[in-house]
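Q: Using the sequences and the hints given, assemble the complete structure.
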Amino acid sequence: DTAVSQTPKYLVTQMGNDKSIKCEQNLGHDTMYWYKQDSKKFLKIMFSYNNKELIINETVPNRFSPKSPDKAHLNLHINSLELGDSAVYFCASSQNSNQPQHFGDGTRLSIL
Amino acid sequence: QKEVEQDPGPLSVPEGAIVSLNCTYSNSAFQYFMWYRQYSRKGPELLMYTYSSGNKEDGRFTAQVDKSSKYISLFIRDSQPSDSATYLCAMSGSNYQLIWGAGTKLIIKP
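Sequence lines, in order, name chains A and B.
Here our numbering is used: the first residue of the first sequence is 12, the next is one more, and so on.
Here our numbering is used: the first residue of the second sequence is 6, the next is one more, and so on.
Keep in mind the hints are simulated off the structure, nothing from the lab.
Source: prediction; values computed, not measured.
It cannot be assumed that every hint is accurate.
To be verified - Chain B is nowhere near these chain A residues, computed Cβ spacing over 12 Å in every case:
(1) Thr24
(2) Ser59
(3) Lys63
(4) Glu64
(5) Ile67
(6) Val71
(7) Asn73
(8) Phe75
(9) Lys78
(10) Asn86
(11) Asp96
(12) Ser97
(13) Ser105
(14) Ile122
Stated by the list, open to error - Calculated lysine-lysine pairs in the DSSO-like style (CA-CA distance at most 30 Å, straight line):
(15) A:Lys47 <-> A:Lys33
(16) B:Lys110 <-> A:Lys47
(17) A:Lys55 <-> B:Lys110
(18) B:Lys114 <-> A:Lys52
(19) A:Lys30 <-> B:Lys47
Virtual Cβ for every residue (Gly too), placed ideally from N, Cα, C.
A: What follows is the structure, encoded as structure tokens:
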């Protein structure tokens with residue numbers, strides 16, 4: 012009965028590889044987000060989708076591409092991984108843009 | 006200057022003490038204020054959500070917003086070791102895009 016679930020929990024990979032992280036929410040929310048949390052715990056918004064439509068697209072490298080096949084899923088694909096991509100990536104969802112967000116437990120990405 | 010400032014700590018207090026966590030902000034358009042708690046290796050979980058100024062209480066937790074001073078606080082009464090976590094403030098204006106503080110690491114010593 013997990014509300015926001017992300018897979019995988021851990022991802023260790025080589026520089027230059029392409030990887031995807033998946034996110035699903037069973038809360039019936041309309042809005043989903045991707046955040047990056049660095050080693051100092053600072054949360055930075057990357058993308059937000061509302062009903063499968065991109066509404067926030069912060070300044071992130073275009074190697075990062077979100078995809079929302081339906082409003083319950085928001086996946087993140089990363090091309091040509093770099094050392095600086097190492098971080099924890101969190102997915103979140105909310106009823107709509109002005110409601111509090113509910114988070115998954117994160118995907119810990121380590122680039123070797 | 007960051008839009009939201011939060012002391013990263015760590016803040017270490019003995020069990021049973023009253024804890025005060027604070028954030029200051031610069032954007033007077035902010036009107037939605039939230040406190041999240043994040044345990045190690047977990048996602049942030051919502052503790053308190055307030056709109057505009059005033060106080061809100063939920064069990065041992067009280068959230069306070071002072072818009073005139075651009076200052077928000079979270080008080081924890083009768084603190085427990087299980088309250089040890091990182092506490093993040095977040096806020097937004099009419100565009101609803103959340104701006105986050107850096108988080109304060111809280112340690113409650115038994």
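Q: It remains to establish, for every hint, whether it holds in the given structure.
A: Results for each hint:
1. Thr24: The claim stands: threonine 24 of chain A keeps its Cβ more than 12 Å from every Cβ of chain B (closest is about 19 Å).
2. Ser59: Nearest chain B Cβ is 8 Å from serine 59 of chain A, so the label is violated.
3. Lys63: 18 Å, holds
4. Glu64: Glutamate 64 of chain A is indeed farther than 12 Å from all Cβ atoms of chain B, at 15 Å.
5. Ile67: 6 Å, violated
6. Val71: Its Cβ never comes within 12 Å of chain B, the nearest being 15 Å, so this holds.
7. Asn73: 21 Å, holds
8. Phe75: 18 Å, holds
9. Lys78: Holds: least Cβ distance 21 Å, greater than 12 Å.
10. Asn86: 17 Å, holds
11. Asp96: Nearest chain B Cβ is 19 Å from aspartate 96 of chain A, so the label holds.
12. Ser97: Label holds. Min Cβ-Cβ 16 Å, cutoff 12 Å.
13. Ser105: 9 Å, violated
14. Ile122: The claim stands: isoleucine 122 of chain A keeps its Cβ more than 12 Å from every Cβ of chain B (closest is about 19 Å).
15. A:Lys47 <-> A:Lys33: Given pair lysine 47 of chain A, lysine 33 of chain A holds - Cα atoms ~14 Å apart, limit 30 Å.
16. B:Lys110 <-> A:Lys47: 19 Å, holds
17. A:Lys55 <-> B:Lys110: 18 Å, holds
18. B:Lys114 <-> A:Lys52: Roughly 22 Å between the alpha carbons, so the hint for lysine 114 of chain B and lysine 52 of chain A holds.
19. A:Lys30 <-> B:Lys47: 22 Å, holds
Checked against the numbered hints given earlier, this structure breaks hints 2, 5, 13; the rest are met.
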